[in-house]
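Taking the hints into account, I'd like the entire structure generated from these sequences.
What follows is the residue order along each chain.
Number of protein chains: 2
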Amino acid sequence: MRKILTTEAQSHQSGKPAGLPANSVGIVEPKSHTFPGPFKLACGRVLDEYTLVYETYGQLNADKSNGVLICHALSGHHHAAGYHSASDKRPGWWDHYIGPGKPIDTNKFFVVALNNLGGCHGSTGPTSINPETGKPWGADFPPLRARDWVHSQAQLADLLGIQQWAAVVGGSLGGMQAMRWSLEYPERLRHCVVIASAMKLSAQNIAFNETARQAITSDPDFRDGRYLEEDTLPRHGLAVARMIGHITYLSDDGLGKKFGRELRSGTFEQGVEELVEFQVQSYLRYQGDSFSGSFDPNTYILMTRALDYFDLAREYGDDPVTAFSHARSKFLLVSFTSDWRFAPERSREIADALMHANVPVTYAEVESPMGHDAFLLPNARYENIFAAYMNNVARELADSVRSEVAQ
Amino acid sequence: MRKILTTEAQSHQSGKPAGLPANSVGIVEPKSHTFPGPFKLACGRVLDEYTLVYETYGQLNADKSNGVLICHALSGHHHAAGYHSASDKRPGWWDHYIGPGKPIDTNKFFVVALNNLGGCHGSTGPTSINPETGKPWGADFPPLRARDWVHSQAQLADLLGIQQWAAVVGGSLGGMQAMRWSLEYPERLRHCVVIASAMKLSAQNIAFNETARQAITSDPDFRDGRYLEEDTLPRHGLAVARMIGHITYLSDDGLGKKFGRELRSGTFEQGVEELVEFQVQSYLRYQGDSFSGSFDPNTYILMTRALDYFDLAREYGDDPVTAFSHARSKFLLVSFTSDWRFAPERSREIADALMHANVPVTYAEVESPMGHDAFLLPNARYENIFAAYMNNVARELADSVRSEVAQ
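The listed protein sequences correspond, in order, to chains A and B.
Just add 1062 to the spot in the first sequence (first one is 1) and you have this note's numbering.
Just add 1062 to the spot in the second sequence (first one is 1) and you have this note's numbering.
A couple of the hints might just be wrong.
Simulated crosslink set (EDC-like; lysine to aspartate or glutamate; CA at most 20 Å straight-line) [what the hints assert, rightly or not]:
#	chain 1	residue 1	chain 2	residue 2
1	B	Lys1262	B	Glu1427
2	A	Lys1262	A	Asp1150
3	A	Lys1262	B	Asp1283
4	B	Lys1262	A	Asp1315
5	B	Lys1319	A	Glu1407
6	A	Lys1262	B	Glu1427
7	A	Lys1319	B	Glu1339
8	A	Lys1197	A	Asp1293
9	B	Lys1197	B	Asp1314
10	A	Lys1126	A	Asp1461
What the simulated footprint calls covered on chain A by chain B, stretch by stretch (three residues with Cβ under 8 Å from a Cβ of chain B suffice, anywhere in the stretch; the number is not a length) [claimed, not checked]:
#	stretch
11	1338-1349
12	1383-1392
13	1435-1447
None of these hints come from the bench; they were simulated from the model.
Quick caveat, the model's predicted, so the values are computed rather than measured.
Here a beta-carbon is modelled for each residue, glycine too, at the ideal position from N, C-alpha and C.
Okay, here's the thing in structure tokens:
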């Protein structure tokens, strides 16, 4: 993205400040809405009210049928595309896939991206004030499930006047929310786009999440989750947690291609006592440190728990076919060959279940060396498949508008 | 192992206390020897003297040709087989493979197992007193390479009067030492047995090790490695480090078969606020906690660094074939299908290099769902291959004794 910024820094697009790429949604401004409660959560607890922060890109059409909801993953947020200012160095986290002429084409769709409930980017979560105590919620914030997010996203849809999404789209944990949408509100989405996701975590996935949580909670600065009140921050624990996560987002091959065993400092020559440091070490440490300065540890715990708990078919007799027989949307599934966090096998299970439930599904297994992170990164085949599918979604909309006009 | 103890608890074997299995080496006692220095390390620093703790099983034959050296992995030690007392609940870490009638048959071989230099089970290491300061070495203990271990193991061989090992045997990091033996002292071993190992770590391997080290060193109780002096212990950091390691020792499938998504406590029913805990979570926490009570954090750092630094062919123009052209021993290589820490591909690379260097090699890829840990666990095919190979080693010895008598 920075490269694009540099090369097009002199251009000036109509409607966009100088310096932004031509195919960017441009400068965007987060919005915020507080929904009155009571809002009952899956755990049984009730929020009196809650705030969601969100952004929108593109124009909602007259019959409000072109809405696309973006569900974010573990550490995502509402800023999915565009820039917050002309001097902003980085665009939103999915800018490569959202914008004019991009797979989620803002010339055709009205795109809504939000920070989920429990998040730490402005929506109500562990860093918010608990009205009962007047102090930050911290670890007392109720545990959330994907369905809680889906229910709150449905209230956001109501607010925007969107009765039915053209598509609900998400990668990883976001894909789990998209699938849950298809079961909780079958009539409220026409398409469900599930990328690099799974119907439930494996024991290994849970093990990695648990280790990450242990790194956070065993940091003495965690203070039982009351670090905000006590003015501490379990930075080290969160950095280690992020390092663990980061390794699992990348593939063995991808890490090997990116870093190999290249040294950043030190030497292997005999007689030199200095410690050797591999590039991959400093890279990971940087990733951990920068994350721990910008993300809330309690939110990280809450999000990983929601991942662990997600089990699409639990309430359907553990039968995914029974579960998906309630879906009314069409599905696009995408997986990436080197993704070992949510391997292609996990997406094939979803595809199989959908087919057995007679739900229309398009499934693409995309070659990529980038591991789980591939869903965020440029990849020609992925872009083509994604764009082609979303073009069909847009064409369907246009057809339905034409047929309404004709009637 | 405990099961065997229980079922044979009533039997009484001649030469063994009641309660020990018939095919155990029985009660063993660690020995200790302090080697006079100066002992120059690969990093350039020099130890004035050092102590190694070791155990031996079986009898050294008259011409001292039946010695088998066991090299341990990351968290191993000298207690590889047998029991330290009749009430000992668990035998040594490789008891399943060392003993009378077992693959490394103590009726035929004189088996030597040691705690490596830098270890924390009695050999000189970070918990030992630095003679220059009178305080524990801590993080000031010199960084070690596999070759330092091999050189010190050669001094142990000298002490025992063993000019040539019948075999040097090791799994994982132990296999790296065995390979290094074949290049550093080509004439001092007849066979080299390398199990679940690699010629060097991948960037992903290093990344996991670095994350584990970060968990330890960022624990405030680490105190720059001087926790012994300051009477603290980075228990939490070491526990997280061990949890990370443990996940990589097991396979995704293995974890899934062992734990699936079974719950230990809590429930998924709506309306219940209690946190859900999966069995795999409590298992990992237990593994981490029990390890952090018995292992030295500085040793863990030192051992993982030695793993990272190991690169068999570095001094041979990065060409494994050139490296192995110096070897004079025969090789047995074993890998396990579900081992993703040192995948079969890594062993195939060793086998290829050996074949191109015209070194005799037997390579077996063993089906196992147990991941990297498979090298420690019962497995009929692995046992058969291992036993058959070691029987040949013993037969060779007998033949060479006969041919010497005939001359």
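- Task: Mind listing which of the numbered hints don't hold for this structure, in increasing order?
- Result: Numbers 2, 3, 6, 7, 9, 12 and 13, in rising order.
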